[in-house]
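Engineer: Chain by chain, the residues:
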Amino acid sequence: MEHPFAISLDVGSSLANHTGNWRTERPVYLDRLPPCNNACPAGENIQSWLHRAEEGDYEGAWRVLIADNPFPAVHGRVCYHPCEDACNRGQIDETVSIHAVERFLGDEALKRGWTIEPGPDTGKKVLVIGAGPSGLSAAYHLRRLGHAVTVREAGPMAGGMLRFGIPKYRLPRDVLDGEIARIAAMGVEFVFESKVEDIPAEMETGGFDAVFVAVGAHLAKRTTIPAREAGKILDAVSVLRDMETGDPPKLGRRVVVYGGGNTAIDVARTAKRLGASEALIVYRRTREQMPAHDFEVREALEEGVLINWLQTIKQIDATTFTVEKMRIDESGWPQPTGEFETIEADTLVLALGQNVDTGFLESVPGVAIAKDGVVEVDAHMMTGRPGLFAGGDMVPAERTVTVAVGHGKKAARNIDAWLAGGTYDPPPKHELADFDLLNAWYYTDADQSVQPQLDIARRASTFGEVVGGLDETTALFEARRCLSCGNCFECDNCYGVCPDNSVIKLGPGNRFEFNYDFCKGCGLCVAECPCGAIKMVPETT
Amino acid sequence: MSQRVKFYQTGTFTVGNRLLDADQRTVQATRERNNSLTSGHRACQGCGEALGARYAVDAAMRAADNRLVAVNATGCLEVFSTPYPESSWQLPWLHSLFGNAPAVAAGVAAALRAKGDTRTRVLAQGGDGGTVDIGFGCLSGMFDRNDDVLYICYDNEAYMNTGVQRSARTPAAARTATTPAVGEHPGNVMGQGKNPALIAMAHEIPYVATASVADLHDLEAKVTRAMGMGGARYIHIHVPCPLGWGSRPCDTIMLARLAVESGLFPLYEAEHGEVVDVTPIRRRVPVEDYLRPQKRFAHLFRGEGQAETLAAIQATADRNIRRFGLVPEEVS
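Sequence lines, in order, name chains E and B.
Residue numbers are given in this note's numbering: position 390 of the first sequence equals residue 390, and the series is strictly consecutive.
Residue numbers are given in this note's numbering: position 52 of the second sequence equals residue 1052, and the series is strictly consecutive.
Among these hints, one or two may not hold up.
Unchecked claim - So the derived label-pair ranges between C-beta atoms look like this: (1) T1224(B) <-> D294(E): 44 to 54 Å; (2) L1198(B) <-> T473(E): 42 to 52 Å; (3) R1302(B) <-> F435(E): 51 to 61 Å.
Keep in mind the hints are simulated off the structure, nothing from the lab.
Here the structure is a predicted model, which means the values were calculated and not measured.
Idealized CB from N, CA, C, for every residue including glycine.
Just need the whole structure built from these sequences, with the hints factored in.
Structural biologist: Next comes the structure, spelled out in structure tokens:
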């Protein structure tokens, strides 16, 4: 080539200079585990379904959601949302109202009639005992995996504690029925009012390859209170059950509920709605120590429920109750003070917790019952008898709807693996996306959307749903408050901030790649990634 | 830049966002960006100037429909991008001397005019040394003649390429090779230096703006605006330098952001000598947050510290905030 005067070399591009060899650390993309997903007892992939909801793809979001939990409309209402306690956004302004978006998606699915296909037939048969949240969840997941499922339920309807433990004003029955009907439509067979007494025999005659037991905990715990002349004493579980099966219980004008859990609150609020002029909760410890969730306590107080903290019932004389004041000692336990008061009430409802009816399991060889009356299972949810799995309130765990639904999923996966002659090993969890891995600067300020609430006056007299749902616009806004912790949401920051053009944008949905020929390893992409989806790792050579 | 979109998770704070309308995303978010300063350049890890130059020139290229000539002053930007015979520039690019880039650019504009080319635009660029010190006479002349050139100064606050010597943009108390951190008042002398954006405004040229690599949307909007005008225009871009500032390469954008948020680097636009818009501070921080991560200010925090100097730097930031109205509620 002819060169101009004083030019001796051809023009070159700096692309010949591979600056990648300056690097001592390299950035890598990764998915970290968002705190919400980590906290969800049902193992929902919350960040992932919010990601789709943000785009307005509600059906896509719902389909990701139901891969783990068949009850979004139910959970959006009754789950105590540990996901929100863990949400990183709480450290910026307020947590994302995950349950409100979940409820919107669940309601949208019911409104639009979205359905779920069962998996290809495997020829295996599984018996599920108990149609509560855990059994229904197991049945659903087993059906998705292609197994034939029969659900046997001692009661007259499906739903378990969802129906017989949670009042209508928190969970309208058309919502519950809608989500159960969707499971039935997948080909799950239900047999009601049919108590299983002998599991091995049922397996034999029914030709079942495996069994999942989830009969819950329905035996009300009792306590001994000296009574000169016993007044009317009921237990909370029967009161709530009677609300569903026909005759509402007659509670009288003045009702005392003994206990401090969510069930105690539910009964007191129900009593109010049934016309009680006074619904009083007696609990032996302080408000802070109540196992009931704070928002439920708050709603109950709003509705005029009275709560006497630090009291125990010592004696009953017809409608007169003698209560003793308590105090909390240094170790946090309530101690008697010797000071007494009397209160007047027509009915006492005991809400002291429930035990499991394990009678029908005790004769099954290999099944072990723990001291506190729950059934022991291994890490694969299997009892000591091969092929017999158990979950929900009857195994040792926190007793919530969401834990029960999580058990159902976990059991279904383990049963599926066991039926194939193997064991289910969950994939290793990603590292946690802690708040300090985020660059919170980039997130727009946005306050949480507020769900509407029913008027106090109407809450006193009707069983109408107390908390309303978000409309489409607010649900979308709420979904878009998600920080997408640990998972790329294609904000283009890494692509933009690289001084060396070493990030390759692969286009919508395909995220990015590094060009290690030129990446100098400065780490700007990591520092400026809003959601912590990139990390630096040392170069090996 | 205020939030004009409906809430989209990050709004317009990030480079792009899959949920934003395409016209709300930056040039840098597109796969079609020109990469005017392409890979393989020899800038240090985390170089703010390399980043700022690509941001600005890519935006200018888009605004000029890819008909753009760049004239470069001597400095880091020239040295790291164009070691003979290689170049990282993906547009026609000229380099002459340290101090004459504005004059050369004025000549290029005149030559294009003589050729009857009314479409090709001219951009001149340099660091703070070549612009504010060595080339200042040429720059003032270019402003005086209202030559049709957009001049962009990438301000990293010292002569970095030659070993970190003080420039007229080196901030008070900063340690450089020529302002060592020794004596009673260590670092650069308080009360010296020039403010070229204000001096440019005094020329009453059509457009003057300050910008930062920490706010890409704002930077691109200003370059695009400048390219939509004729005559002499000046944009001053703050570009942190890990080498000269003694900061971690990964902190470049964070430091640029803290400079803006503390009030030390006010972002504003002026037309014909009058300020027409300012970018308000989003979350105000004390100057200490900005100074502390930089080794050039380490002596301010060593031992008993330099409370008086810190207070004086804070007063400078406070004055900027007051003067430009950077915190809306503080504007009377």
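Engineer: So which of those numbered hints doesn't the model satisfy?
Structural biologist: 3
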